[in-house]
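Chemist: With the hints as a guide, dock the two chains, each given alone in a separate frame, to form the complex.
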Amino acid sequence: MERAEIHELSAPYALDALDDRELEEFEEHLAHCRECRENVAAFQAAAGELAYDTDAPEPSPVLRNRILTQAASERPTVTAPPPPRRRWALPVAAAAAVAAGCAALALAFWAADLSQQVDDLEAQQHGAEEIAIMLADPDAERIPIDGANGALVVDSETQEGHLLLFGLEEAPEAHTYEAWVIEDGQALPAGLFSGGEDRATVVRLSEPVPAGAVVAVTVEVEGGVDRSEQQPIITSGPAA
Amino acid sequence: MARGLAHLSDEALVALVARADEEALAELYDRFGRVAYGLALRIVRDPALAEDAVQEGFMAVWRSSARFVSERAKASTWILTLIHRRAVDLVRREQPRRAEPLEAAPHESGDDVEEEAWLRLRRTRVQEALRRLPDKQREALELAYYGGFTQSELADRLGEPLGTIKSRMFTGLASLRELLAEEDLEEERWNEPRSTS
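Taken in order, these protein sequences are the chains called A and B.
With the first sequence counted from 1, adding 12 to any position gets you my numbering.
With the second sequence counted from 1, adding 1389 to any position gets you my numbering.
Quick caveat, the hints were computed from the structure, so don't treat them as lab data.
Keep in mind it's a predicted model, so treat the numbers as computed, not measured.
Virtual Cβ for every residue (Gly too), placed ideally from N, Cα, C.
All clues given are correct.
Computed Cβ-Cβ distance ranges for the label pairs, DEER-style: (1) B:ALA1563 <-> A:PRO73: 34 to 42 angstroms; (2) A:ASP196 <-> B:ARG1456: 32 to 40 angstroms; (3) A:ASP196 <-> B:HIS1396: 45 to 53 angstroms; (4) B:GLU1572 <-> A:SER206: 54 to 62 angstroms; (5) B:SER1556 <-> A:VAL74: 38 to 46 angstroms; (6) B:LEU1547 <-> A:ASP196: 51 to 59 angstroms; (7) B:GLU1411 <-> A:ASP196: 49 to 57 angstroms.
Same shape as in the complex, but just chain B (with noise of 0.2 angstroms):
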């Protein structure tokens, strides 16, 4: 970046982004760009309109990056959200009848290893997160996640009362966070002489 922009936060980014900066967009693409693409691939299944999804997502970004707020949510987490919110809609659109969400299958790696590392490690993480879960939790989160299915469609296809979908979303996502919370205590434990105190 020529303006240096790789040191700020992606909050600071998203800042910028409020203020039209195109640099800062480009620098929040390079670093979500990504992880945005293998989501929507994983969701709609079609490189180009995966591809629609990410370029509609950083739109959104874009033009709505001046309501972000960052004491309710990490950057990350706000684009990623709109990013699979497009990524839904698409697939609601072009295929009322789906499959089986695409489970997410091994590839050539890029040629950037710092970058495939820290994916791999954060993959790795929700991973183990995910295997911690009781199957009927994860079949939810993951049929609505990766799936794009409403919670009425998935009561439909699992035969089970909405109730009771709702209940495995809402225990399925707190435990998850707990889980995630708990692999990085682990891992601080493990990093502990670089801990400041």
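So here's chain A without its partners, still in its complex pose (with noise of 0.2 angstroms):
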């Protein structure tokens, strides 16, 4: 489908008129149209409306029972297993570059996410502290991170950066992750870390992390090193 012609499917996918091919190619268009997606939330919130254009009749009172003993017998929201992780095998420039790319959309779905990841950290009682010290700050930015689970947050007044990473295995022996803040090519390291299995890693990053510079995150041996020749294991989206 022509791309200009596939911004107009914005109004009959918010009244679920598109086919399944039409829905997949329109889906997959949304992902990285701003403009469709704005235009999707309008018209879903004035479609939703004609929900109530109904009599509204009482469904039957079995229906309540028969929902709510079907949700607890599914519990996924908690136990569904993270997503597999996904390793680099693009040089630091060129990761960082993809990253600024999908950086934009894939926050807002993915902040939602976030909370209920720190929920379930606050039960390890690992980082939750300071966790919730990061997010209640109003000038807290969220960008999120490719290659594990977690994001990066930035104080957009001060610049200073913290990495959150959930269920990052611990670093191979006699090695360690290594942060880095990349800016202008230049890549300047913000810190070791060593991760660990079921658990929460916070990692706060020693060099201020400015506007539109990309956070990454290496394996290195042990003690770390000055210029890194690995390529990323971890890439952030740009800082705002």
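Modeler: Structural data, given as structure tokens:
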């Protein structure tokens, strides 16, 4: 389908008037097109009002129980395993460029997920307070990361950055994770950490994260390095 | 509700549902179950199928609540969107040859007077807005939304080019949105003494 034409599908999409093929195509497009996402949101709100033009007869009381019973038998939101991690096979600069392109669209969808993960985390009593303080900060910008579950949180006022990583496995023996702040093609070492399965890792970055900078993580030999030859396993979108 | 969830916003309830809170799901059902069922029934025109659509819709709420982002949509819109999608899926699967979408018909009132009044208000509001739309736009919206027709089916059925149907939907929804906003403004004017400034 022509690109200009696909923008016209936000109204039929909001009315559920696309066939399967169109739907798939449009949802793919939606992931990249902010304008269409905004149109869809507005159109869905209007279409949602159409739902009220019904008699709204009382459904059978049995229905409520059926739904609650089925829900009780499925508790997927807390037991779902994290998505498989992807390893970057790209040099730092290229990876950063890719991340920059995807950042804006992923952020909104991802925000709700984070609060869920933070809740899980609190149960583990690890870094909970630090995270809570960070997220409560009105200047905190959450930036999605690729390669692991978690986020980059940057205080846009002070440019102080934290990496939140969930369930990152421990660095291999005699190795460490190293964080980098990349700006204008320059990578500054920003801290070492070890990770660990089944828990959250909060990494306070030792370098400020200015707007447009990207944070990456590599695996290095113990003690870290000043200049990495490694490809990053985690990259963030650009800081706002 | 034992835990007193009644004071929570719809959005807060969805956040609780994302943590697998069954009572929060029950509360959402108590708030939207009736509208959801009415909508599904109007689309699928069969009580048993409508119940299936509502059940599947609420299960979609249960399963995907962690992905709901309150900055992007109201929780009520999101829930009704999920219900609508299930109902449309069902009617497309079950009835490849559909007749006219069922006109909403009067019915006996339920026993919850307050809910009844509130639903009637919402309904009048959207009916009023629909009435003010040009006929062709209203027809496109109604056949798509309540009839479950795809845009291509509509183009065939109405003997119009697909582009015309698309643009009727686009303009129709945009106008509907404006009309609803206008009505809200008018209502605000009536309620002025209560508003905080």
